[in-house]
Every structure is written in structure tokens, then in C-alpha cells.
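Student: Given next are the chains, with one letter for each unit.
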Amino acid sequence: MTFSAWDRSTGERGEEDYYRILGVEDDASQEEIRAAYRDLVRQYHPDAGLVKGTAFLFRQIQQAYETLSDPQRRQEYDERLRREGKRPPRLFALDVLPGPAELACVDEPQLLYLLITLTPLANRPEPDTRLNLCLVIDCSTSMKGERLAAVREAILHLVEEMQSDDILSLVAFSDTAQVLLPPQHTPPSRVLRPLLASLTADGGTEIFQGLQAGLSLVGHTRSDHQINHLLLLTDGHTYGDAQKCLLAARSAARQDIGISAFGVGHDWNEDFLDHLTAAAGGQVVFIENPAGIGRAFLEHLRQLKEAWITDLTMRLYYTPAARFKAAFALTPELRMLEEIDGELALGSLQYTRPRHVLVESIVSPLEEGTHRVLQVEAASMAPAYGTPAVQRKVVRVPFRSQGVTRPLMPAAIVEAAQKVSLLRMQKLIEEEARQGRVPQATTLLEGLATRLMREGQDELAGVLIQEARLLAETGRLSPAGAKRLRFGTRALQPLLPGGTE
Amino acid sequence: MPVCPTCGQPYILNTIFCEQCGTALQPLHQTEGFASAGTRASTGPAPAVVLEMLSGAHQFRLPTDALPAVIGRADAGQTSRPQVDLAPYGGLERGVSRQHARLLWRDGRLMIEDLASTNGTWVNDVRLAPNVPHPLRDGDILRLGTLRLRVQVRAGGTALEHHASERK
Numbered sequence: 001m002t003f004s005a006w007d008r009s010t011g012e013r014g015e016e017d018y019y020r021i022l023g024v025e026d027d028a029s030q031e032e033i034r035a036a037y038r039d040l041v042r043q044y045h046p047d048a049g050l051v052k053g054t055a056f057l058f059r060q061i062q063q064a065y066e067t068l069s070d071p072q073r074r075q076e077y078d079e080r081l082r083r084e085g086k087r088p089p090r091l092f093a094l095d096v097l098p099g100p101a102e103l104a105c106v107d108e109p110q111l112l113y114l115l116i117t118l119t120p121l122a123n124r125p126e127p128d129t130r131l132n133l134c135l136v137i138d139c140s141t142s143m144k145g146e147r148l149a150a151v152r153e154a155i156l157h158l159v160e161e162m163q164s165d166d167i168l169s170l171v172a173f174s175d176t177a178q179v180l181l182p183p184q185h186t187p188p189s190r191v192l193r194p195l196l197a198s199l200t201a202d203g204g205t206e207i208f209q210g211l212q213a214g215l216s217l218v219g220h221t222r223s224d225h226q227i228n229h230l231l232l233l234t235d236g237h238t239y240g241d242a243q244k245c246l247l248a249a250r251s252a253a254r255q256d257i258g259i260s261a262f263g264v265g266h267d268w269n270e271d272f273l274d275h276l277t278a279a280a281g282g283q284v285v286f287i288e289n290p291a292g293i294g295r296a297f298l299e300h301l302r303q304l305k306e307a308w309i310t311d312l313t314m315r316l317y318y319t320p321a322a323r324f325k326a327a328f329a330l331t332p333e334l335r336m337l338e339e340i341d342g343e344l345a346l347g348s349l350q351y352t353r354p355r356h357v358l359v360e361s362i363v364s365p366l367e368e369g370t371h372r373v374l375q376v377e378a379a380s381m382a383p384a385y386g387t388p389a390v391q392r393k394v395v396r397v398p399f400r401s402q403g404v405t406r407p408l409m410p411a412a413i414v415e416a417a418q419k420v421s422l423l424r425m426q427k428l429i430e431e432e433a434r435q436g437r438v439p440q441a442t443t444l445l446e447g448l449a450t451r452l453m454r455e456g457q458d459e460l461a462g463v464l465i466q467e468a469r470l471l472a473e474t475g476r477l478s479p480a481g482a483k484r485l486r487f488g489t490r491a492l493q494p495l496l497p498g499g500t501e
Numbered sequence: 001m002p003v004c005p006t007c008g009q010p011y012i013l014n015t016i017f018c019e020q021c022g023t024a025l026q027p028l029h030q031t032e033g034f035a036s037a038g039t040r041a042s043t044g045p046a047p048a049v050v051l052e053m054l055s056g057a058h059q060f061r062l063p064t065d066a067l068p069a070v071i072g073r074a075d076a077g078q079t080s081r082p083q084v085d086l087a088p089y090g091g092l093e094r095g096v097s098r099q100h101a102r103l104l105w106r107d108g109r110l111m112i113e114d115l116a117s118t119n120g121t122w123v124n125d126v127r128l129a130p131n132v133p134h135p136l137r138d139g140d141i142l143r144l145g146t147l148r149l150r151v152q153v154r155a156g157g158t159a160l161e162h163h164a165s166e167r168k
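As they're listed, the protein sequences go chains A and B.
Numbering follows the numbering used here, in which position 105 of the first sequence is assigned residue number 105; successive positions increment by one, without gaps.
Numbering follows the numbering used here, in which position 136 of the second sequence is assigned residue number 136; successive positions increment by one, without gaps.
Below, simulated SDA-like cross-link-like pairs (lysine to any residue); rule was C-alpha separation at most 25 Å, straight line:
no. : chain 1 : residue 1 : chain 2 : residue 2
1   : A       : LYS427    : B       : LEU13
2   : A       : LYS325    : B       : GLN26
3   : A       : LYS427    : B       : PRO5
4   : A       : LYS427    : B       : GLN9
5   : A       : LYS427    : A       : ARG451
6   : A       : LYS427    : A       : GLU360
7   : A       : LYS325    : B       : PRO5
Think of the hints as simulated: they come from the structure by calculation, not from any bench.
With the rest of the complex left out, here is chain A (with noise of 0.2 Å):
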């Protein structure tokens, strides 16, 4: 799994964008544009045989340099940029921390971490976007009774904080799919009620049916200026039709359709939801307690109507120089994030608070002075201007041949590396007990529980005691402990700095 590396010249602006090819912003001052102009030189120019089949790329790079380093000729290259709709509103502002801060001239691979800080730039989305929301609901026999009861309750108060111009739309599924609201402006709940009484439990769970059913009712109503969103609710497994599942998610995710997944009860697959949202950086809702639903559906509602933008997804250009390792998004949820076709998805960026994400990467052995190690770009869709919005920072790192004798880690990386490692300890737990190597789970389930209590997370650390002494009994996480467990250090947060005061 690797990102990239330099090699798209070409991007969002067609043929020849400048700015991206010498990798700065769109108000990069002169003396930017010629530093990173003479970083690419070095590791691009077709005498230094560096890196094969430059000679084009060399070329582009000349022609952007040429361009943006004459104020007349740049001038008049931004005024087509504009004219043509290119230039994109600046939305976000993209950080980049690198961590250690200088890096040592030594013979082996080093390990760089980034703390990526996304920060909103407005108080609110002008003007106000709307919602298309479907509601995709398992009505298997298992939800009989209480879970169907509070699911009726939950969405009649949903509906009572929608807007009458957001669109909703209802679908109902167990062995087939049923529209019980095809997608309009949301009705009163008057209209509702006997709707949902209608709603019955029985037969199987077969998410595909549902959701298929669901995009297609999203898809058809979906617009840029919309936050195009469905919610998945269910409380069982699925069989046979998870990939399916997969890929439809992922078409989704390619229409900026959000997907996220609210899982009741102890049997249903977190695997395959974490899977299954994770296309569109969508989130995964452990609701243990059919009574927590309602606050539940709320609480996502409200995250969704402060999404400034959506379908947010970051690229990284790594120089040969630099390798991807792995990245894990640190908020609003601590969470692994995975490249699909070449993206990290992070779903939406609410105007009220910042995203971070941690990047690790490896850098091979590289001469004293400073050198450009990677590109950072995160783009996204901003409902309330129906545009993409684009953000790049060049990442450079100074190597020292003396004088670095220990790394220089800024705190926010640490307190984020801190946090990433009791996710790793997670994981690790889980493929153990997956593997049935139950003794190695259980003293690595005891070690999570000891690093957390003395990080204050009491709570956390009792449930993950007792799980401890269940699988040293049983041999296994039972169902509700493997969630307790993921979705507990899902929620654990870093303290970072920064955020819009």
C-alpha cells in the first residue's frame, strides 16, 4: 500500500495548474515559488538521474516556474484561472506539523510523523445547506418489540428537528427492500406516525437490499449544494452480500454520498460496518441500548447539518525520497484510516471545530541541508457554494549531519502518538483473540486496561478488565466486549492544540 509519488502534473484545473505542479497555494509569494521551484530541480532534473522519465515532468516544472515568477505573466495566468471558474474559495486552512523537527544524516530509514490539522475558515456555512437524508431501517424479526418501538420514537424526533426543506426519504428492509417514503421535504410528523405503525419485524437481515434501495432514493434527489447523506440502523449479520455492500458504498462515496452505520445491540458485524462506512469517511454508532437511539440519531443530525464541507479526502505526493506508512484520523473518532484508490476519506469538516490526522511516514537517508519530503493536499466538496475547495502544503524537513542527538518531538505529536498506540494495542488484541491465541490477547487486554487507567479513562479500563477475565475463561471476546472494546478506544481523544477561537 503505497501513495503515489510525484507524478501528477495535471489536476482539478485541466492540463497545466501551475501552482500544483511547484506544489504551493494559490498566494504563494515569490520567494515560496522559487524555493520550491529549486527543491523539484534538484530531484527532478533529468541530469541528476535520480528518479527515470523525468525529462516531462522537468519540462512542466520549467513552464510553471516561467509562469508564476513573472507578477505580468502569473497576473494574467490567475485571471484565466478565474474567468474559467478554477480558482476554488479558500474554505479551510490546511496545517501541517512534522515531527521530529530536523531529522539526523544517518544510514538507515527514519520515521517522520505529521500532526494535520484542518481547520474551518467561517462560523457558519452562508448560506445554509440542506439535507437529503435517507433512513435505511432493519426491520428483521430480531428487532422486534422495544428496538422497533424506540426506532419509531427515535425518527419521529428526528424529523421534528429537520428542517421542512431538508428532503427525507424512508426505507424499511429484512429479507426484501420496501420504500415507506419515497424522498420529499420533510414531512410533519402527523404524517409520519402511521407510516411507522405500519412498520412490522420479520425475517432476515439483507443490508444490500436496503441499501440499495436507499442510494438509489439519495442519488436521485443528490445535488452539490446538498449534504447527501444515508443512515444505516441495524442489529444483525449479513450473509452473502457484504461485498456487494462494499462496492456500492464505494460508487456512493464517488457521488459524495456520506454513509454511516448505527449498530444496536451486541450481534451485528463491526467489522463489516467499519467497511462499509469507511468509503466515504463515514462513522460507525455502537448504541448498546435501544433507549440511547434516539439521542443517537440527534446527536448525528447535528453533526450532519454543521458539515461545512463534505467528502473531504486527503492525497499525499511523497518525493522518492519518502514513503507512506500509515495514518489514522485523531477526531472526531481515533480511527485507522485506509487508502482507497489512492485517497485517505475523512468524511465531513463541521464549521465548529478542526479535524486532525496523524501521517507516518518513512524517509530514506538523505544528504545534510533541507529537503522537500511530501506534498499534502485535501480537497472536499462545500455544500453551501456547490464547489470543490482545494488546500496543499509542501512538506520540507531539514536533515543535520551533528548536532541531533535525540529527536525533537513537538507535544501534540507525542499526545497523538500516544493515543495511536493504544489503538495499535487494539487491533492487536483483536487479531490475538481472532487467532486464538488467547493467552497473548489476554496480558495485551490486561496491559490496555493498565496504560488506560493510568491515563484516567477509569471506566474504560473496568469494562476492558472484565472482558479480560471473560476471555481468559471463555476463550474468546464475546460479541458485546469486542465492540466495548473498539468502540471504547474509538473514543478516546487526543488533547490537541489549535481550533478556531
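Fit chain B to the known structure of chain A by using the hints.
Tutor: Below, chain B alone, put in the same frame as chain A:
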């Protein structure tokens, strides 16, 4: 490649925590953040830091084994509260961010790190770069926004024990 002292797993240079067992791979005092985790060798009472408001309104006393500590101002919308809360002392009016800076104890030295605050952190009227720890000495004047504090560093078990109750 170096290996983890606890579990023997090889790791890439600069890795902060072992991926296998979670052991901190950098000596704890240089990564900070773990002083309160019970790993600090205890040799008598820990040294302490006293932050005294120049207006004389208050003193904050922090034993170094309670570091790192965030200096900022508590805010209604926030779940976590900074260890040194300047909200009751005009923090908002003086431009103190919710999480403004933090005090660290690293390599036996007191450090301050600006947490990318809006109005900046200053030591003796020199503005600090965000997210880069800077050493603090006894007698330094620390400024957060426009709020000024005098820094005092006390050796373990000596003076100022009577201030122990100062911090609420």
C-alpha cells in the same frame, strides 16, 4: 534497526511507541507527557513551579510531577478544563486561548510550549514559535496574550511549601 527493549520488536528510528507492546521507545523524560503515569523515579519531594500573576491576584503552584500542564481558560462549551485555568482572572479579556500553552518538564528542565494560541505566548517579550518547546528559567516573565505571569522554579522540598494550598 533498533529493537524494543521490552518485546524485542524492531522499530524504525524516531518511533515514539512500540507498535507491538506500546512501550515508550524514547526515554520518558524527553518525550514528556508521562510524568504523571507513575514512571518517574521518586527521590524526595519533586521540584515545583510557581506562576505568579503580575497583578498579584493569584499564584499557581505546580509540582513538576504534575506536568505537563495546560494553561488556558475553561469555557462552557468545553469538556476538558486546563490545569491552570485563567478564566477567573480575566483570561478571556486578556486574549488567553482555551488551550493556550503548556508547561513541560523535560531533561530536568522546565519548558513552555505555545499550543498555536491565537494571541501568542511570550517569554521575556520574545514571541515563541507555536508547538516548539522553549526553556523557562526562574524569574522569567511569561505572557499569554496580554496576561503576564512571573515564573519561579523551586527545588524539591524547599521553599514555598506553604503555597501548596494556593491552587484550587
